[in-house]
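Undergrad: Sequence:
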Amino acid sequence: MGRQTYFYDNITGKSCKDLLTENYIPFRQWLQTKVCFGESGLAGFLHTDTGESEPYHAIIDELLPFFIDCFSDTGGRESYFFKTIPISVYSYHYEAGSGIILGTRDTAFIDLWDILLRGRSVVTGHWTFSIDRCVGYMTADEQKTLKEKIRIYFGNSDAIEIKYQSATVDYTGIACMDTVLDSIGDNHELLFTIDGF
10 MGRQTYFYDN ITGKSCKDLL TENYIPFRQW LQTKVCFGES GLAGFLHTDT
60 GESEPYHAII DELLPFFIDC FSDTGGRESY FFKTIPISVY SYHYEAGSGI
110 ILGTRDTAFI DLWDILLRGR SVVTGHWTFS IDRCVGYMTA DEQKTLKEKI
160 RIYFGNSDAI EIKYQSATVD YTGIACMDTV LDSIGDNHEL LFTIDGF
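In our numbering, the protein residues as written are 10 to 206.
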């Protein structure tokens, strides 16, 4: 079936890492009720953690996909931090776009696209990896730069679809990312999860 990438608009004005730290206790309580978490490698952590302190930095990136689930608009809460952007394609479309973007030889463009492919740790700022899911983010400035680069090289999503509809190369990920960037609020952090690693 393949990996899927999901996008979220952080509507709070705070970083996802700060939100996790501030809301760790209710999040931890919610997490203990989830069967899917009991099957993850982090289940042992819950049994030893008292829930009275901040989460260990070493596991923040592992907890974030669950945190996004808990506090997104699809998490069943009346108030939430993350608005789901209803645009999602299989991750292989973004991987296919990577070769096209490498062809631009634009280092800033390539680096930003790499974040989309590999995720990024909120603790270290470097790429992150998880067996099940990985998470990443882009700041408002990074989103602005990425959108400018897409528009400079390819045009907007409509232009990409028209211009490249008969191309043998897959431009779907690039067009989708342009649409995602149009959907996010001004000066909001963009979060994404990649499921199915």
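If you are wondering where the hints come from, they were derived from the structure by calculation, not from laboratory data. Fair warning: there could be bad hints in the mix.
[To be verified] What follows is a list of derived Cβ distance ranges for each label pair:
#1 I68 / N165: 18 to 28 Å
#2 V178 / S88: 36 to 46 Å
#3 Q38 / T113: 44 to 54 Å
#4 A176 / G22: 32 to 42 Å
#5 S175 / K23: 37 to 47 Å
#6 E157 / W136: 17 to 27 Å
#7 D115 / G194: 40 to 50 Å
#8 E31 / T113: 33 to 43 Å
#9 Y162 / P95: 38 to 48 Å
#10 W136 / R114: 17 to 27 Å
#11 P35 / T154: 29 to 39 Å
#12 T42 / R160: 15 to 25 Å
#13 G11 / D191: 17 to 27 Å
#14 D191 / H135: 39 to 49 Å
Backbone N, C-alpha and C define an ideal beta-carbon position, used for all residues, glycine too.
Undergrad: Next step is simple, just say for each hint if it's right about the structure.
TA: Cross-check of the supplied hints:
1. I68 / N165: 18 to 28 Å: The hint (18 to 28 Å, Cβ to Cβ) is violated, given that I68 and N165 are roughly 39 Å apart.
2. V178 / S88: 36 to 46 Å: For V178 and S88 the Cβ distance comes to about 43 Å; the hint holds.
3. Q38 / T113: 44 to 54 Å: Holds, at about 47 Å.
4. A176 / G22: 32 to 42 Å: Holds - the Cβ-Cβ distance for A176 and G22, about 39 Å, lies within 32 to 42 Å.
5. S175 / K23: 37 to 47 Å: Holds, since S175 and K23 (Cβ atoms, about 45 Å apart) stay within the stated range.
6. E157 / W136: 17 to 27 Å: For E157 and W136 the Cβ distance comes to about 23 Å; the hint holds.
7. D115 / G194: 40 to 50 Å: violated (26 Å)
8. E31 / T113: 33 to 43 Å: The hint (33 to 43 Å, Cβ to Cβ) holds, given that E31 and T113 are roughly 39 Å apart.
9. Y162 / P95: 38 to 48 Å: Distance hint for Y162, P95 is violated at roughly 26 Å.
10. W136 / R114: 17 to 27 Å: holds (21 Å)
11. P35 / T154: 29 to 39 Å: holds (35 Å)
12. T42 / R160: 15 to 25 Å: Violated - the Cβ-Cβ distance for T42 and R160, about 44 Å, lies outside 15 to 25 Å.
13. G11 / D191: 17 to 27 Å: holds (25 Å)
14. D191 / H135: 39 to 49 Å: violated (28 Å)
Hint compliance for this structure: hints 1, 7, 9, 12, 14 are broken, all remaining hints hold.
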